[in-house]
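**Q** This is what each chain is made of:
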Amino acid sequence: MTDLTALTLSEARDGLRKKEFTATELTEAHIGAIDNANGTLNAYVLPTPDHALAQAKASDARLAKGDARPLEGLPLGNKDLFCTNGIRTTACSKILDHFKPAYESTVGGNLWNAGAVMLGKLNNDEFAMGSSNETSAFGPVVSPWRRKGADTKLVPGGSSGGSSAAVAANLCLAATATDTGGSIRQPAALTGTVGIKPTYGRCSRWGIVAFASSLDQAGPIAKTVRDAAIMLTSMASYDAKDSTSVNVPVPDYETGLTSGVKGLRIGVPKEYRVAGMSAEIDALWQKGIAILKDAGATIHDISLPHTKYALPAYYIVAPAEASSNLARYDGVRYGLRVNGKDVIETYENTRAAGFGHEVRKRILVGTYVLSAGYYDAYYLKAQKVRTLIKQDFDEAWDKVDVVLTPTTPSPAFGFGEKTGDPIAMYLEDIFTVTVNMAGLPGISVPAGLSSEGTPLGLQLIGKPFDEATLFRTAQAIETAAGRFTAPDAWWLAGAAKKGKS
Amino acid sequence: MQDTTKSATNKNLIPGATGDWEIIVGLEVHAQVASKSKLFSGSSTAFGAEPNSHVSLVDAAMPGMLPVINAECVAQAVRTGLGLKAGINLKSVFDRKNYFYPDLPQGYQISQYKQPIVGEGEVEIDADGETITVGIERLHLEQDAGKSIHDQHPEYSYVDLNRSGVALMEIVSKPDLRSAKQAQAYVTKLRTILRYLGTCDGDMDKGNLRADVNVSVRKPGEPFGTRCEIKNVNSIRFIGQAVDVEARRQIDILEDGGTISQETRLFDPGRGETRSMRSKEEAHDYRYFPDPDLLPLEFTQAYVDELAQHLPELPDEKRARFMKSYGLSPYDASVLVAERENADFFEAVAKGRDGKAAANWVINELFGRLNKEGRDIADSPVSAGQLGAIVDLIAGGTISGKIAKELFEIVWTEGGYPADIVELRGMKQVTDTGAIEKAIDEIIAANPDKAEQAKLKPNLLGWFVGQVMKSSGGKANPAAVNEILRKKLGI
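Those protein sequences? They're chains A and B, same order as listed.
The working numbering puts the first residue of the first sequence at 1, with every later residue one more than the last.
The working numbering puts the first residue of the second sequence at 1, with every later residue one more than the last.
Chain A extracted, bound-state conformation (with noise of 0.2 Å):
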């Protein structure tokens, strides 16, 4: 039998409909490549093989009776964002200490209702509040990408580097992720993956730890854009739970997938090319819009005024959010607590074993920001520029149907080399947060390597809603530049070679 975990979603899909092999089969095999891997990657912080067992086992007796879901028995990996109902939830956080929630967000019910296996969760940053998963709790995730001739480790982004990572390194068919500024769409292009962020209030935020609120969305991490297009299918809903769901029809997005870009509008906007862009990113850049005009796309040039606003903008809104978010975690119902004199200490103790230093540093950002007298010169300005970005796009929609830029300004990087650097980290978002400011969908889908051999993203912004379009157009780049898998199972190397036959 050729090697389960190297099918893509849909392969798997295809496989066990025609019964050439077992949900159960399927699941087992990545179980054992979990084994094989996680001690290495850091990956998954919780595998939860007999619980993906358990649903494999029922997938097989739908799929023996034709009874099968959509995702029926395709196993999945779930960012520890995600609440699950009776499994850990931490967000890679010291503060949720072991907390076990009572209920299941409903992005990860609808998959489970789709028929969906979960293999485990995910390790993500803290809180979703990074962009190379290194502030995780459970520690950094390495990605199953290494330079060529170099055995540096490399990040696989973040904030969702478990989930880019599993799905790079086939430790799951494919994989939740959250978005604020980048998360979903950052590590798909750090790991030769396909991520969507879709409109914001296309998937609900019900049962999702939250980072900032206004910008949080959640979206599937996959290997083909296919796969992507039938994860987000199921993970999608309108949901009267979550106050800012909007109630949209949600389509099949595998339908039309390749229908091709004939005559679709591709906007290029000048001020994403930005100082000391590298010159591969450029090419990378030109390579897109290449692809696209052949495919029957016309391109544009187009001006987004305000983006080198963003970003600034950008690292106001998502702390101020943050740090009232997370004022729940007081030690007093759940989770970590450190008990002090008196409840002002146990507050103080709590927090401060609980939080790491990069959420630490958003808390008392965004508090500041939110004080009297800064309310207006920060929080109220930044969401005037939110305002503008929002215009900037309206304006673009009159001309373009899809518009494409980097996902970001460089490859992959090593472990520390931008830890020391917040601004360099936070570089790593500056063509990505643009979107989550005007609530956009946009997705990232790989188009070729960097000289040093690792993956390199597009991104393509959408109209509210109009996933469709991106997906179709994501296709037509993945068809004419290829997938882009890991060379080898390097990360393998001294684990016993199990589950490979």
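Wrong hints could be hidden among the right ones.
Unchecked claim - Derived BS3-like pairs: lysine-lysine, alpha-carbon spacing no greater than 25 Å straight-line:
(1) B:Lys-174 <-> B:Lys-189
(2) B:Lys-219 <-> B:Lys-174
(3) B:Lys-147 <-> A:Lys-341
(4) A:Lys-384 <-> B:Lys-97
(5) A:Lys-384 <-> B:Lys-91
(6) B:Lys-219 <-> A:Lys-381
(7) A:Lys-361 <-> B:Lys-219
(8) A:Lys-241 <-> B:Lys-189
(9) A:Lys-381 <-> B:Lys-189
Claimed, not checked - DEER-style ranges, computed between Cβ atoms:
(10) A:Lys-100 <-> B:Glu-373: 54 to 64 Å
(11) B:Asp-126 <-> A:Asn-85: 51 to 61 Å
(12) A:Tyr-368 <-> B:Arg-278: 19 to 29 Å
(13) A:Glu-395 <-> B:Pro-312: 44 to 54 Å
(14) B:Thr-300 <-> A:Glu-395: 55 to 65 Å
(15) A:Tyr-368 <-> B:Ala-283: 42 to 52 Å
(16) A:Asp-50 <-> B:Leu-266: 32 to 42 Å
(17) A:Lys-384 <-> B:Pro-312: 39 to 49 Å
(18) B:Asn-232 <-> A:Glu-348: 19 to 29 Å
(19) A:Asn-85 <-> B:Thr-300: 38 to 48 Å
(20) A:Asp-301 <-> B:Glu-229: 56 to 66 Å
(21) B:Leu-311 <-> A:Asp-301: 33 to 43 Å
Simulated from the structure, these hints should not be mistaken for lab results.
Just so you know, even glycine gets a beta-carbon here, dropped at the ideal spot from N, CA and C.
Let chain A serve as the given structure and place chain B on it in line with the hints.
**A** For chain B alone, kept in the frame of chain A given last:
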């Protein structure tokens, strides 16, 4: 700030060593919205349940939980705004008020800060013998906190989250009140309006109506003084006491050459004093910002109009109608409309009868008796039908007023149909003129000197009436007695 608004009439000024002072009061009333479930969750709002039995995942602020607005609470706030003749804002915004406290699970209270659901309105009150219009600044919706319990364990406090997330309306008055009595009259009137509307039970014992009282003093005509806010006063009596005590404290400080520092204070009813809770410098920075989990609250004018159409008659309108339709005095009308149930009871008695007589019986006999026994109209042993029947028996001349009181007593204690009781117990008024004449003749015969004097002093008639009534056991028809006596005595 120069105050160009109303000034106190002289009788409201309070004397000090350096001359008269004027009290300025503004109130923030927290009224619990009458609703089955909480403002942003489906948990019950029922009072008196086991601690932490009405707590949803949202109320406990579990990770990833989100608030969803309860439409009924919005409707209740709009109804209240309409009842306060206030502007309704078709768009309002929920903000987060951030602070840490163990009974505040989210670490913030969801409230409305810059854009409340209801804007300016007014309430008319009667106090100190005049009618005053009190301005309403705004009304906004917010969540209540849970309850910290400090007397269950030597080292730890306990928290009950049943109240956490219950909807409150904060109703902010303008600083238009000039005495403790006015402050009390305002809260009383506000409570009446809320209860009429059915938007708040107004039960101060259960804490579902409480007030923060802002008090300052000044010399008449001068700008406002520095105010102090007395938190969480939970009875109308205490509101009056707190105003007086705080005003006197401030006057004493000012007359000793001191200054008032702006601060939050607590009223201690046991010691009859207010004491400092926290100064302005210690005040929290609440870091208000719009709650990103909630969209702005928007509705149409048609929605407001629909609610307005189904608004009940309010106390001021009812009072005016009672005066006009039933010929009641302003005082009687006010007494009757103070509680909607009382007004309804009165109308049931007055329907098809003489309004004044009905008011007289409801207020003097029934309310008097209920008050004496500390009972509500809802559990009155005498129904509106029974009281109406008594009034009918008087009007038809079947019984006298005096007998009617005895009859009322029988109905109160034993129940039964008033007409049957009168019949069975022989309480019918004697209108047989023959019998009355006979009694009169006997009394005149027994008192010839008085009968002679009565010709010159017609006041003596009353004495004769009394004697006749006495001899008839109260059953003689007083009108007939009067008429015959006048004839016989030649008055």
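**Q** Can you name, in rising order, the numbers of the hints this structure does not satisfy?
**A** 6, 7, 8, 9, 14, 15, 16, 21
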